[in-house]
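Engineer: Keeping their order, the protein sequence lines are chains A, B, C and D. Residues -16 to 244 in this note's numbering are what the first sequence spells out, letter by letter. Residues -16 to 244 in this note's numbering are what the second sequence spells out, letter by letter. Residues -16 to 244 in this note's numbering are what the third sequence spells out, letter by letter. Residues -16 to 244 in this note's numbering are what the fourth sequence spells out, letter by letter.
None of the hints are false.
Taking lysine-lysine pairs in the PhoX-like style, the calculated list, with each CA pair at most 25 Å apart, reads:
| id | chain 1 | residue 1 | chain 2 | residue 2 |
| --- | --- | --- | --- | --- |
| 1 | C | K213 | D | K(-14) |
| 2 | C | K165 | C | K(-14) |
| 3 | B | K(-14) | B | K165 |
| 4 | C | K74 | D | K165 |
| 5 | B | K(-14) | A | K213 |
| 6 | C | K(-9) | D | K165 |
| 7 | B | K74 | A | K165 |
| 8 | B | K213 | B | K41 |
| 9 | C | K213 | C | K41 |
| 10 | A | K165 | B | K165 |
| 11 | A | K(-14) | B | K41 |
| 12 | B | K(-9) | A | K165 |
| 13 | C | K165 | D | K(-9) |
| 14 | A | K41 | A | K74 |
| 15 | B | K(-14) | A | K41 |
| 16 | B | K41 | B | K74 |
| 17 | B | K74 | A | K(-14) |
| 18 | D | K(-14) | C | K41 |
| 19 | D | K41 | D | K74 |
| 20 | B | K(-9) | A | K213 |
| 21 | C | K213 | D | K(-9) |
| 22 | D | K165 | D | K(-14) |
| 23 | A | K(-14) | B | K213 |
Hints are computed from structural coordinates only; laboratory data are not their basis.
Protein chains: 4
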Amino acid sequence: MFKLEDDKSYRMPAHFGGWIFDRDAQVTYHDVFGLAFLYTTDGDLLANYIPQGFELTKPQVMLQFQECRQVDWMAGSYYNLLTVAAPVRFKGQHDELEGAFALVVWENDTTPILTGNMMGVPKIYADIEDLHICEGTYRTRLSYEGNAFLRLEMTDPQPMDQQQVEALAGDVNSLGWRYIPKVGGPGADLSQPILFPMRSEPHSAWMGRGAVQWTPLTWEQNPTQHHIIKALAELPIIEMSPVLMTRGRMHLMEARGRVLQ
Amino acid sequence: MFKLEDDKSYRMPAHFGGWIFDRDAQVTYHDVFGLAFLYTTDGDLLANYIPQGFELTKPQVMLQFQECRQVDWMAGSYYNLLTVAAPVRFKGQHDELEGAFALVVWENDTTPILTGNMMGVPKIYADIEDLHICEGTYRTRLSYEGNAFLRLEMTDPQPMDQQQVEALAGDVNSLGWRYIPKVGGPGADLSQPILFPMRSEPHSAWMGRGAVQWTPLTWEQNPTQHHIIKALAELPIIEMSPVLMTRGRMHLMEARGRVLQ
Amino acid sequence: MFKLEDDKSYRMPAHFGGWIFDRDAQVTYHDVFGLAFLYTTDGDLLANYIPQGFELTKPQVMLQFQECRQVDWMAGSYYNLLTVAAPVRFKGQHDELEGAFALVVWENDTTPILTGNMMGVPKIYADIEDLHICEGTYRTRLSYEGNAFLRLEMTDPQPMDQQQVEALAGDVNSLGWRYIPKVGGPGADLSQPILFPMRSEPHSAWMGRGAVQWTPLTWEQNPTQHHIIKALAELPIIEMSPVLMTRGRMHLMEARGRVLQ
Amino acid sequence: MFKLEDDKSYRMPAHFGGWIFDRDAQVTYHDVFGLAFLYTTDGDLLANYIPQGFELTKPQVMLQFQECRQVDWMAGSYYNLLTVAAPVRFKGQHDELEGAFALVVWENDTTPILTGNMMGVPKIYADIEDLHICEGTYRTRLSYEGNAFLRLEMTDPQPMDQQQVEALAGDVNSLGWRYIPKVGGPGADLSQPILFPMRSEPHSAWMGRGAVQWTPLTWEQNPTQHHIIKALAELPIIEMSPVLMTRGRMHLMEARGRVLQ
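Next up, chain A with everything else stripped away, as it sits in the complex (with noise of 0.2 Å):
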């Protein structure tokens, strides 16, 4: 018989077994190439999709494209992602920070998504094109069963120097909803903030200009996201900000990570 025990960590299945919690763990992708995308948008429009105990801070959306290479927790594997978060202030009982609030995290690869929901990291799929690179434009594309919804462009990267570089290294405060549904009922079992503490560390940063441009899909093309793909592209798109470009190594801390209250 299997008996789960105190001090593991465990993944479904469980059964399995687990492993030794360490609190200062950490895990380290050696190599991650990211464009940061930030744009204005409608404060009021984006305020309907951030819950109750967050508020908005800027009226932005930021989409961060980054291939994630050499991961060490999948053995040097890799996979794609795109995060579109929010910048928001968390007012909470005890807890009180600021971060970028995950609206909506696709990435390319099933293991690190269900690795991430657990932890309240919003994470569904779509396939992610690596970047490419041709006559100084990257281009990128996120689509599901062939139907591209999201084209990101950069163009003309200008390489920031040495001192803006390092100037760009720093912890960040990754935030989301965790939501657990109850089994057999409407409602959750869990539902609650977190913060997932992540540090970056590039050792290279360009400056551009940058495109993005939603497609919205048909409940036919995509049932389970196209609500929030329709919720995403009628956000205006007011102002681009310039591109950051990195280069670099990213390090999350999820052993740190905590339900804020």
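Keeping the supplied structure of chain A fixed, place chains B, C and D upon it in accordance with the hints.
Structural biologist: Same frame as chain A, but now just chains B, C and D:
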């Protein structure tokens, strides 16, 4: 600001909206082509993976391969899955029932994997070939990043008569263990046995001879699943039963699932 | 040292060996599920893509989607394809026949693409969804690196009676133009019309209503095929015929193919 | 009516148009990350796969894995490949030169496979993992429909100094055998040795230790390639040389390719 409503069901990311829970909802898979492999094994070894509260009723491993097609909730899309289960009895304070305990379920599509995990069905990813059908032999395999770890083969299928086929229709008590880990610590926020009822309605069925071949993988080849595959590969195949091949409808009655007590 | 033998057939790489040519060989696809879309278009426009020696017999575009399963020569494996063809008459010095001229064939598997190209069937790659079947509607789409360029839909299929189905069986004159470029120069080493005979034996058939939607792509989105898609997308859909859906066997008689003269 | 023009180059389907041939055209791959494995083998066995006109200069097998990125002619897209080659001398009536004879080339993208085959480079399909890089070990594998048949591993890479790296730049005589089968009969319409010149310009290089593992597949597992894999797997690995890892640019000079005489 987004507010969750108590009578609604949500999936992460929840803040883009949910839907009214309907207890009578059932999800129909209009075309499911399945191969069920069954073999006796060492009951003591197998029992190592059966959590407290369940007990093995027979020392048997069941491998259920299914090509799911015409899936309603996926707008008619499709995926393949392989369920590894064992026959168990659950004896709780209120509930007592028999069913198939899902040791692990591999699927080749993230969307149903995520949904199932939230409900305690231990789904993880594998590439799963559609059936290769050649001269009366049906083959499939499961692989992860190019390394096959399970090969299934069925030969010489003999059709069953209509009366026998009708006798195969019926409800299935699919059982699992939902384990939602704590954020930032060892142990679980939710750790509980669950029931996930289904109904199978085959319109055609055949019996054939089967062969099952497990190939263990290293940590380097499959860092998050190698221990699961190793455990299953070490269960001896003492006697193979005939393979049951079926085609027909399947209904998931997720809304009638529940936590067992 | 490797020596080619005159009575053998080879595929590249040839030096690992070939097989004795068998003129009576036929390759059977035991399970083919097809949807045939047909529409009238502007005959003058369409004629721009019909090479010398062929002439259009009707100003029609035929789109034949096929899910090929249980493919003998692929050891029972499977793939999807979409043939775009036009009805033509070939008038050569020796040969005179009617058939379907393959303007382009998209397939989602390299193995049959390569084999076909060598014989003059103009096959290129696309991702092609298996049919999504939902509430009597059958949908598929073709995409390239996430950008859909052709969406097909059929609704309200009505079964044909057995006599009608039997009348559908028959030989098909599939026609192509083999063009093998010179190495290191313009022009061709081989440039010739070819015949590739097939035989279709459906066991079931239905008629339904169809919709076809082409979406042109840019050079950036599909650098090697965008001009093909643009040409086809610009052919007006003047009148859609009913869609013919069939399921059954198909035989390729490659060994009876020949260069037309 | 479509008419081919003599000064243009075309690819199948030719009737959608071609382009003016440019003898000075070169195609640049701006970012190629490569691992070159080299081992001595049994020369008599290896010679069985070297066609008439070529002779082995050393009993060596070369495996060149390449991650091709920023590929100009693919609008900046990417693919992976694995070339298996042997060092040969060609002695014809007019031409005499040394180079690397391409026994087979596996690639994970149909588009370059098709283009290369037309020119006599024997490309076929495999799934090829991007490098998994973990604690100084670089791994990849080739598989077909989930069955791995070649695993490559490199450990302990030591950087080469700039002078050594520069010495690696140079032209490569890539040699192949173009075999275009007859339609409807045994034998070939074109059967000829070809030269396909390339230029390699690495900007960084390392030396490491390598391991190569071939796994034969059955006809059922890989009906069109199993004989190739078997032949290569049977060549003994007598002595592994150090692995050369490089990163840099590559130029294909297809327009300067030619049929050898």
